[in-house]
Amino acid sequence: MDQYTANHSLRRKISELDYDVAIVGAGVVGCAMARRLTLDGAKVIVLEKASDVLDGASKGNSAILHTGFDAPPDSLEQACIARGYREFLEIFQDLGLPILKTGALVLAWSREQQEKLEALIDKANKNGVNNVRMLGKKEILKREPHLSNQLFDGFEVPGEGLVDPWTTAHAYLLQALANGAQLLRNTEVISGKFDGNTWRLETSQSDVRATHVINCAGLYGDLVNHRLIEESLFTVTPRKGQFVVFDKAASGLISSIILPVPTKTTKGVVVCRTVFGNVLVGPTAEDQDSKTDASTNADALKELVAKGIDIIPQLANCEVTTAYAGLRPATEFQDYQIRHFQDRNYISVGGIRSTGLSSSLGIASYVSELIACDSLQGSKIKNPVIPSPDRLSEYHQRDWQTADNGGIVCHCELVTRREIENVLQGPMAPATLQGLKRRTRVCMGRCQGFYCMAEVAKMTEGLFSSPIALANNE
Amino acid sequence: MNNNSGLPESCSVAIVGGGTAGLALATELRRQGIDNVVVLEREKDAGGIPRHCGHYPFGIREYGRLLKGPDYARKNVETAAKLGVRIFTETSVTALHPNGKLSISTQSGLAQLQAKRVVLSTGVRESSRAQRFIGGDRPLGIITTGALQSMVYLQGIRPFRRPVILGSELVSFSAISTCQHLGIKPVAMVEENDRIVARRVVQPYLTLKGVPLFAGVRSPKIIGRERVEAIEFTDASGNLKNIETDGIIVSGRFRPESALLRMSHLEVDPGSGGPVIDQFGQCTDPAYYSTGNLLGPAETSSWCWQEGVKTARRIVQELSGPQHGTSKSVRFKISDQAIAFVVPQRLTLSERPGGMTQMQVGLGKPAKGFLEAFVEGKSIWKGRIDSRPMRRILMPLDVFLQSDSDQPVEFSIS
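Chains A and B supply the protein sequences, listed in that same order.
First residue of the first sequence? That's 166 in this note's numbering, and the numbers climb one at a time after it.
First residue of the second sequence? That's 997 in this note's numbering, and the numbers climb one at a time after it.
Check each hint, because a few of them may be wrong.
[What the hints assert, rightly or not] With a straight-line Cα cutoff of 27 Å, these simulated DSS-like cross-link-like pairs (lysine-lysine) come out: (1) A:Lys467 <-> B:Lys1217; (2) B:Lys1064 <-> A:Lys623; (3) B:Lys1306 <-> B:Lys1071; (4) A:Lys432 <-> A:Lys472; (5) B:Lys1306 <-> B:Lys1112; (6) A:Lys602 <-> B:Lys1374; (7) A:Lys602 <-> B:Lys1217; (8) A:Lys467 <-> B:Lys1237; (9) B:Lys1181 <-> B:Lys1217; (10) B:Lys1078 <-> B:Lys1064; (11) A:Lys291 <-> A:Lys281; (12) A:Lys281 <-> A:Lys303; (13) B:Lys1364 <-> B:Lys1078; (14) B:Lys1324 <-> B:Lys1361; (15) B:Lys1071 <-> A:Lys456; (16) A:Lys467 <-> B:Lys1378; (17) A:Lys281 <-> A:Lys266; (18) A:Lys467 <-> A:Lys602; (19) A:Lys302 <-> A:Lys266; (20) A:Lys623 <-> A:Lys602; (21) B:Lys1306 <-> B:Lys1064; (22) B:Lys1040 <-> A:Lys472; (23) A:Lys623 <-> B:Lys1181; (24) B:Lys1112 <-> B:Lys1205; (25) B:Lys1361 <-> B:Lys1374; (26) B:Lys1364 <-> B:Lys1378; (27) B:Lys1217 <-> B:Lys1205; (28) A:Lys281 <-> A:Lys307; (29) A:Lys472 <-> B:Lys1361; (30) B:Lys1378 <-> A:Lys456; (31) A:Lys623 <-> B:Lys1378; (32) B:Lys1097 <-> B:Lys1329; (33) B:Lys1064 <-> B:Lys1112; (34) A:Lys432 <-> A:Lys302.
[Said to hold, decoys possible] Examples of chain B residues toward chain A, derived with CB under 10 Å: (35) Ile1130; (36) Ala1143; (37) Gln1199; (38) Thr1203.
No lab work stands behind these hints, which were simulated from the structure alone.
All figures in this text were calculated on a predicted structure; none of them were measured in a lab.
Backbone N, C-alpha and C define an ideal beta-carbon position, used for all residues, glycine too.
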């Protein structure tokens, strides 16, 4: 009996659509939640209203694994980041996930910013991040010779690192799925009733019965709370963050993550590499009402490029590869809003603003402990199946470096035919080009599809809900 | 011949990129008696961009016949192969190393190739939407003309029915005929400049095809959730305009495909986007040459063919001619925003014959007046200029070769 079947036979018998836990939303928090609770022995179903996972706030972020050095001390956010960070370092190797331990430099570019450094270092120490260290201008420029010499000074946070924002979340969910969890996409939760023991959720597909419901709906967290528990715990005001991505040639210009010192007037932008070998500049911070408008704005993008050049002058000679915007599910509260309604078997996980990628494993463990009080029936999975994730980091071995890869389809990102075919036939096959891009990086490079779009259109014919090419009779 | 097995470990000349310039160069090398000439092409077929230009006119100069792009590309491949050029397809060069060593990836894994001389002829591609700072949503249906052409001509598929063409270069007009091939009907051409970028003689083509032109627009913004739904912009008279459409063809603004170059030890010219070369086409590592559209402007196939042939002769001359040793070189510098680039970017002062006799000048904005060259503040040459960006401008080089100073030559427009 293989591992997969063994885990299944250990489970208690329940009818097809009966679950211990229904997780609403497959963003990074929902994915980590599904993994944690599945490994804890729960029978989990994940309900995602979009046609693919990571379609909301988790679609666009800065891909930094934070230590939480600058989170508000004693906050739930700080606790979850710290815990999430630790847990990531425990599991990333087993899951085959990349991390670049670049460290970060928090740099002051004015007298005003310089005056804030000491308080930030105090905060880091309070948050248990004790290896931060002041650096003089000379030392910083020695380490990062391409930085503008306009800088004052700053401090280093050696623990900060770069991860793959999509593969990381995919791997969490894939591990949940491989160990018995279920994922329903195109499944929006419309309403729900709790009868004192069990939830019955009405969805846009079929009804789902579950003992517990966990709302990880991110940008739609307030809406789901309304629909299920008729409570207004918080209101999500999406905060848009636009980013500019520079071509891989820029990656030689910087090693550390360059973080700003926030002041009253401006939050400042981050400049960092990505695990895919690019350089990222962003984000902006724009409050808006729309939960869907992730449009970019030419003026904002030009301003980001200019800011990038202020920090690293040689970026002026580098090409822009692409630009995108992400929406952070900010609320009227500073801190995360995680509420457990014990009498209703309901947990609302809200306000995971911009640190979700770093904190998701921590949030999942925290919630798992909350539910454990309600005694889940299953027992922990001892040797969970570990799926093999996509390997897309430019700083680790890629498929094009190995034999029988079927040849390179996307030349900019060096994506092979085998990689694309594996993903299209995989357990969580994408239904959109966006989804295929996140899983393979195809069409994500500097040419944005000039060379490979036609081939990708052909390879995905009949597989996407929204096809790249129209049918011939259309 | 078309495969990637049997890749040698060494060769005399390795050509990276089997488009028009690369094949012309390879062919000429063989005609001049150079053995062991290898072309490395990452696509399934060599031939380059003309492969998906299903229109005339190609090949008049080279073959004395009027050919469509794909036939021309095929003929270039056949001519080279017949003369013994070894063409390896689906073979990607992944890194350039000093002294002509290449890292290569094929279906069967990694390989290395040591060449006496390497020629970079990776051509051009169009700027993406992000490179042009076009804001808005990111739905399906935004593609470059190049992607459209390969979809239509190579795969026979349609990405949309009623697209808007962004840009008004010659390639933007060619997009209209590509669309027609599969019954796609462009609904508008949108250009940020005050007038079309292509020569005015082509403008009546828009009327003929019933495609309205919106020139002088500001802040174009793409709208659409899953697929493109509209494009919004401020028109020339300041009104907000919204055009319903299901696709955007992002056309033109060709940039050298310089990814390999930028990741390498070779110097890149930020102005042209291509390598820094001297009048022999030699890069800052003399084991590397470059030719064709990678040098900067998007030129015609016929031009690329001729440049390939000329560069081949320079390589033959260097490999078989007398040694000239190390010589002084002079840098060209641009001190005027109206000038986007000059190619070559430096001159090697030596007795070696056969270099370029003219330099190419690319303008950043329309200019009328004199192009003037200074050495140490002293004017040493000037020539009349009246042109626009994206036009071929040639200026004589010989005057700079006679210079006995190795101080940089600075160019400006007065």
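What are the numbers of the hints that this structure violates, sorted from low to high?
6, 13, 14, 15, 16, 22, 24, 30, 31, 32, 33, 37 and 38
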